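When you get a sec, could you build the whole thing from the sequences and use the hints?
Going down the list, the protein sequences come from chains A and B.
Under the working numbering, the first residue of the first sequence carries the number 96, and numbering increases by one thereafter.
Under the working numbering, the first residue of the second sequence carries the number 14, and numbering increases by one thereafter.
Derived by calculation from the structure, the hints in this document are not laboratory data.
Incorrect hints may appear among the rest.
What the hints assert, rightly or not - With a straight-line cut-off of 25 Å between C-alpha atoms, the simulated SDA-like cross-links for lysine to any residue are:
1. A/K137 with A/K203
2. A/K163 with B/L108
3. A/K137 with B/T66
4. B/K26 with B/E88
5. A/K163 with A/K203
6. A/K163 with A/T100
7. B/K26 with B/R68
8. A/K163 with B/Q57
9. A/K96 with B/P74
10. A/K137 with B/G16
11. A/K96 with B/R68
12. A/K203 with B/Q50
13. A/K137 with B/S40
14. B/K70 with A/K203
15. A/K96 with A/K203
16. A/K96 with B/G71
17. A/K203 with A/I102
18. B/K70 with A/S119
19. A/K96 with B/K70
20. A/K203 with A/L106
21. A/K137 with B/S83
22. A/K163 with B/E109
23. B/K26 with A/P135
24. A/K137 with B/T51
25. B/K26 with B/L125
26. B/K70 with A/Q146
27. A/K96 with B/P52
28. A/K163 with A/T182
29. B/K26 with B/R43
To be verified - Not everything, but these chain B residues come out facing chain A in the computed CB check (under 7 Å):
30. L56
31. E61
32. N69
33. F77
34. L103
35. P121
Computed from a predicted model, the values in this text were never measured in an experiment.
Positions of the beta carbon are idealized from the N, C-alpha and C atoms, including for glycine.
One-letter residues, chain by chain:
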Amino acid sequence: KQEVTQIPAALSVPEGENLVLNCSFTDSAIYNLQWFRQDPGKGLTSLLLIQSSQREQTSGRLNASLDKSSGRSTLYIAASQPGDSATYLCAVSAGTYKYIFGTGTRLKVLA
Amino acid sequence: KAGVTQTPRYLIKTRGQQVTLSCSPISGHRSVSWYQQTPGQGLQFLFEYFSETQRNKGNFPGRFSGRQFSNSRSEMNVSTLELGDSALYLCASSLELAGGYNEQFFGPGTRLTVL
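Right under this line is the structure:
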């Protein structure tokens, strides 16, 4: 049974710091891994999708890497800003037409 | 291009009632998934539909059901509501491409409160 863990559960950093969010999964047989952000009470916004054949994806200040063999993905946020404050979720697709979500990392960037 | 829309955005019901939530996917997307989000359990998969067929179902009681129409719009229904059904219900649509590319796009959710 696929389990997805995100560490840390919460993170508070000063503005301008580079930071890394971690996502671990127990079954390496995945098709995709997707990173999302969620603002309080809102839906999820897709940030990056990494297919199983890829090692990383980049979008602006965000970079996500995938290491299937070790069951890990990291989301790197460069030069963090207060607007980056949100909960970050990772989800893995195991090819069974559903995504399994991690519990999220709640990020607060202090001005 | 319009995003995923969900109606209603907020709903208050009492125990024992039933409720129907609606989701309109992004134009051209044929896969629609539903999730329940609660503070205690996080995001949990309910079911997924593609071309009017349910392809997968999560571990929820039979009170939770869904369907998809020929235009890809989807509804989910919860019968005999319980207090524990209070949650944010999220719908996601995706455009399935060759090679397993399956990025999910989420709607704003329906906040259901059961009293």
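Verification of the hints:
Taken as a hint, the A/K137 and A/K203 pair is honoured in the structure, with Cα atoms around 17 Å apart against an allowance of 25 Å. A hinted pair counts as satisfied when its Cα atoms are at most 25 Å apart, and A/K163 with B/L108 qualifies at roughly 24 Å. In summary, the hint linking A/K137 to B/T66 is not supported, as the alpha carbons are separated by about 28 Å, beyond the 25 Å threshold. Restraint check: the Cα-Cα separation between B/K26 and B/E88 comes to about 17 Å, which is no more than 25 Å; the hinted pair holds.
The straight-line distance between the Cα atoms of A/K163 and A/K203 is roughly 29 Å, outside the 25 Å bound, and the hint therefore fails. For the hint pairing A/K163 with A/T100, the CA-to-CA distance comes to about 14 Å; that is within 25 Å, so the pair holds. Between B/K26 and B/R68 the alpha-carbon distance is near 29 Å, which puts this suggested pair outside the 25 Å criterion. Between A/K163 and B/Q57, the direct Cα distance comes to roughly 23 Å. Compliance with the 25 Å bound is thereby established for this hinted pair.
Only pairs whose Cα atoms come within 25 Å are accepted, and A/K96 paired with B/P74 is accepted, the gap being roughly 19 Å. Using a Cα cut-off of 25 Å, the hinted pair A/K137 and B/G16 holds, with the two alpha carbons roughly 14 Å apart. With a C-alpha separation of about 18 Å, the suggested pairing of A/K96 with B/R68 holds against the 25 Å cut-off. Restraint check for A/K203 and B/Q50: the C-alpha separation of about 21 Å stays at or below 25 Å, so the hint holds.
With a CA separation close to 21 Å, the supplied pair A/K137 and B/S40 stays within the 25 Å bound. Restraint check for B/K70 and A/K203: not satisfied, since their Cα atoms lie roughly 35 Å apart, outside the 25 Å limit. Between A/K96 and A/K203 the CA atoms are separated by roughly 32 Å; this puts the pair beyond 25 Å, and the hint is violated. Among the hinted pairs, A/K96 with B/G71 is consistent with the structure: their alpha-carbon atoms are about 13 Å apart, no more than 25 Å.
For the hint linking A/K203 to A/I102, the alpha-carbon distance of about 15 Å falls within 25 Å, and the restraint holds. The hinted pair formed by B/K70 and A/S119 meets the criterion: a straight-line CA distance of about 24 Å does not exceed 25 Å. For a cut-off of 25 Å, the pair hint linking A/K96 to B/K70 stands: about 15 Å separates their Cα positions. In summary, the hint linking A/K203 to A/L106 is supported, as the alpha carbons are separated by about 6 Å, within the 25 Å threshold.
For a cut-off of 25 Å, the pair hint linking A/K137 to B/S83 is broken: about 28 Å separates their Cα positions. Proximity of A/K163 to B/E109 is assessed by CA-CA distance (about 22 Å); at most 25 Å being required, the pair is judged to hold. With a C-alpha separation of about 22 Å, the suggested pairing of B/K26 with A/P135 holds against the 25 Å cut-off. Restraint check for A/K137 and B/T51: satisfied, since their Cα atoms lie roughly 13 Å apart, inside the 25 Å limit.
With a CA separation close to 8 Å, the supplied pair B/K26 and B/L125 stays within the 25 Å bound. Proximity of B/K70 to A/Q146 is assessed by CA-CA distance (about 23 Å); at most 25 Å being required, the pair is judged to hold. For the suggested pair A/K96 and B/P52, the alpha carbons sit about 22 Å apart, so the restraint of at most 25 Å is met. For the given pair, A/K163 sits about 23 Å from A/T182 by alpha-carbon distance, which is consistent with the 25 Å threshold.
A threshold of 25 Å between alpha carbons decides the hint, and for B/K26 with B/R43 the separation of about 30 Å lies outside it, so the pair is violated. Annotation: B/L56 was flagged as interfacial toward chain A, and the flag holds, the nearest CB pair being 4 Å apart, inside 7 Å. At about 5 Å, the closest approach between the beta carbon of B/E61 and any beta carbon in chain A falls short of 7 Å, and the interface hint on this residue holds. At a threshold of 7 Å, the smallest CB-CB gap from B/N69 to chain A is about 4 Å, leaving the interface hint in force.
Given hint, B/F77 at the interface with chain A, is violated; its Cβ is 14 Å from that chain's nearest Cβ, farther than 7 Å. With a least beta-carbon distance of about 6 Å to chain A, the hint placing B/L103 at the interface is held under the 7 Å criterion. For B/P121, the interface hint holds, since its Cβ comes within 7 Å of a Cβ in chain A; the closest pair sits about 4 Å apart.
Hints 3, 5, 7, 14, 15, 21, 29, 33 from the earlier list are contradicted by this structure; the remaining hints agree with it.
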